[in-house]
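*Asks:* If you read the protein sequences in the order shown, they are chains H and Y. My numbering applies: residue 1 is where the first sequence begins, and numbers increase by one. My numbering applies: residue 1001 is where the second sequence begins, and numbers increase by one.
No wet-lab data here; the hints were simulated from the structure. Glycine residues also receive a C-beta, built at the ideal position from the N, C-alpha and C atoms. Careful: at least some of the hints might be erroneous.
Stated by the list, open to error - Listed next, with one range per pair, are the computed distances between beta-carbon atoms:
{"#": "1", "chain 1": "Y", "residue 1": "1181", "chain 2": "H", "residue 2": "22", "range": "34 to 40 Å"}
{"#": "2", "chain 1": "Y", "residue 1": "1128", "chain 2": "H", "residue 2": "14", "range": "56 to 62 Å"}
{"#": "3", "chain 1": "Y", "residue 1": "1144", "chain 2": "H", "residue 2": "61", "range": "46 to 52 Å"}
{"#": "4", "chain 1": "Y", "residue 1": "1284", "chain 2": "H", "residue 2": "14", "range": "49 to 55 Å"}
{"#": "5", "chain 1": "Y", "residue 1": "1144", "chain 2": "H", "residue 2": "11", "range": "55 to 61 Å"}
{"#": "6", "chain 1": "H", "residue 1": "125", "chain 2": "Y", "residue 2": "1039", "range": "22 to 28 Å"}
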Amino acid sequence: MLKDTLKKALAPLGLENVADGDYAKTGCHLEVTAQPTQMVEVAQAMLDAGCFLESFTAVDFPEAFDLVYHFASFDELCRTAVHVPLGKKKGMYTISQIYPGADWYEREVFDLFGIHFFNHPNLKRLLLPEDADFHPLLKDFQAGPGND
Amino acid sequence: MIELLGIEEKTYTLNLGPQHPSTHGVLRVLLEMDGEFITKAEPVIGYGHRGHEHMAENRNYAQFLPNLGRVDYLHALAYNQCYCMAVEKLLGLVVPERAEFIRVMTNELNRISSHLLWFGAYLLDLGAFTPIMYCFDDREHILDLLDRVTGSRLTYCYYRFGGVPTDIDDEFVAGCRDFVKRLRSRWCDYDNLVTKNVIFINRAKDVGLITKDQCVKYGLTGPILRGSGIAYDIRKSEPYSAYPEFDFEIPTGTRGDIFDRYMVRLAEMEQSCRIIEQACDKLPNGPIMAEKVPKRIKPAEGEVYQAVETARGEFGMYIVSKGDVKPYRIKLRTPSFANMSVFSELAVDTLVADLVAILGSIDVVIPEIDR
Chain H
1 MLKDTLKKAL APLGLENVAD GDYAKTGCHL EVTAQPTQMV EVAQAMLDAG CFLESFTAVD
61 FPEAFDLVYH FASFDELCRT AVHVPLGKKK GMYTISQIYP GADWYEREVF DLFGIHFFNH
121 PNLKRLLLPE DADFHPLLKD FQAGPGND
Chain Y
1001 MIELLGIEEK TYTLNLGPQH PSTHGVLRVL LEMDGEFITK AEPVIGYGHR GHEHMAENRN
1061 YAQFLPNLGR VDYLHALAYN QCYCMAVEKL LGLVVPERAE FIRVMTNELN RISSHLLWFG
1121 AYLLDLGAFT PIMYCFDDRE HILDLLDRVT GSRLTYCYYR FGGVPTDIDD EFVAGCRDFV
1181 KRLRSRWCDY DNLVTKNVIF INRAKDVGLI TKDQCVKYGL TGPILRGSGI AYDIRKSEPY
1241 SAYPEFDFEI PTGTRGDIFD RYMVRLAEME QSCRIIEQAC DKLPNGPIMA EKVPKRIKPA
1301 EGEVYQAVET ARGEFGMYIV SKGDVKPYRI KLRTPSFANM SVFSELAVDT LVADLVAILG
1361 SIDVVIPEID R
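Turn these sequences into a full structure, and let the hints guide you.
*Replies:* Here you go:
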């Protein structure tokens, strides 16, 4: 089963948490928590197992950013959610060299949250105009005139 | 371009869009050209960015429902369904069987209408004017049928948390049967008009090849994935709603070129017809709304990821709830966003005329990329 293969592949990386998810409730079969520095290795392990990057986004919690990667597979129903707690730092390592599809997702997160991705080949705004000076999905952003 | 004296390479920049008939909305592509060949293509998106994800954080769960019909206006009901299913999962609601059947029927009608519009508009891109007249004629019947039950013709907002608000009647079921019969009688026309057309075949075969490796690395889904030979359809691989009740197949291609994607979409319409027919036969009686739907939607703390198969691929919704009446964060994973990101790789070393053909074959809906 893909879930066991993934668990085996992720075991040597020394991750904080690799546990079964509650599929009926969250829609994910495997819940993983990784440190920012480990994410590149996690992505490589996912690609080697034949998974594709389904979705990537960030959540601005009051105390920390949480980056959420969802991986799934074309061959078998197994969705993995990888959470990367980022603290209030706005820096992360790109995985676009492993998944070229992550390029746009990371640009979107940079655009809407202001999180930088080191080693990203083309990190510029994606959805908002190039000269925008705000990041609208941060919780302290207020829409309307006069916002910096 | 080779100069007369000495060999000097010169490239120039060509701007395609954002207002261009073949970009289907406001998409801009910056092309770097070497003669008539493209050396680099960079899509510039975001012209239709309305901030749906930000809007979601500023209104309660029910208020966000009509927004979904505006994300992908061609297959709005699938987006409705995904959101309803995600919230139902958070609330622990069970949808009655009849409501699930109604959802499937209306959803598949919407899928056919989306594919029909693609069919017509795509051939218009390639220079064939007549097909769009035929398929808009057929599509009009779907819009009339859906108008009867949902009350709107395009940006539907029909499903509710826990079921559907209005029931369908015998006339709708009879209308569905008539429509399926009518559409089936048209396949022959479509084949004669387009599929067997040698001009179309020459433009579509072996152009815009997408490999299986690219599908995994870019997370491509939908007909363009199935055209490359991977039989992945969320209706089968992660069955939801009433889909396990029906007998249907996943059409796939072999080479992954434009022609395969075209054939997959055509075959999918037939499969949708099969689903609708079976749903008409098996439609159960009973309630259309779950019991005890809370008046105030206030899910407990938690998060959920829900995926559905739209006409363009996987639409996923990631909702983070903090136990409030408003969602804390909603991420819309739209199929065209991922499908479009592979475009700059496909465009290299092709001609501008082929570029337009490739772009159309991906079947992008720009508001869905920009959200």
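*Asks:* With reference to the structure, classify each hint as holding or not holding.
*Replies:* Results of checking the hints against the structure:
1. Y/1181 x H/22: 34 to 40 Å: Hint violated: Cβ distance 45 Å, outside 34 to 40 Å.
2. Y/1128 x H/14: 56 to 62 Å: Holds, at about 59 Å.
3. Y/1144 x H/61: 46 to 52 Å: holds (47 Å)
4. Y/1284 x H/14: 49 to 55 Å: Check passed, 52 Å falls within 49 to 55 Å.
5. Y/1144 x H/11: 55 to 61 Å: Holds: the Cβ-Cβ distance is about 58 Å, inside 55 to 61 Å.
6. H/125 x Y/1039: 22 to 28 Å: At 24 Å between Cβs, range holds.
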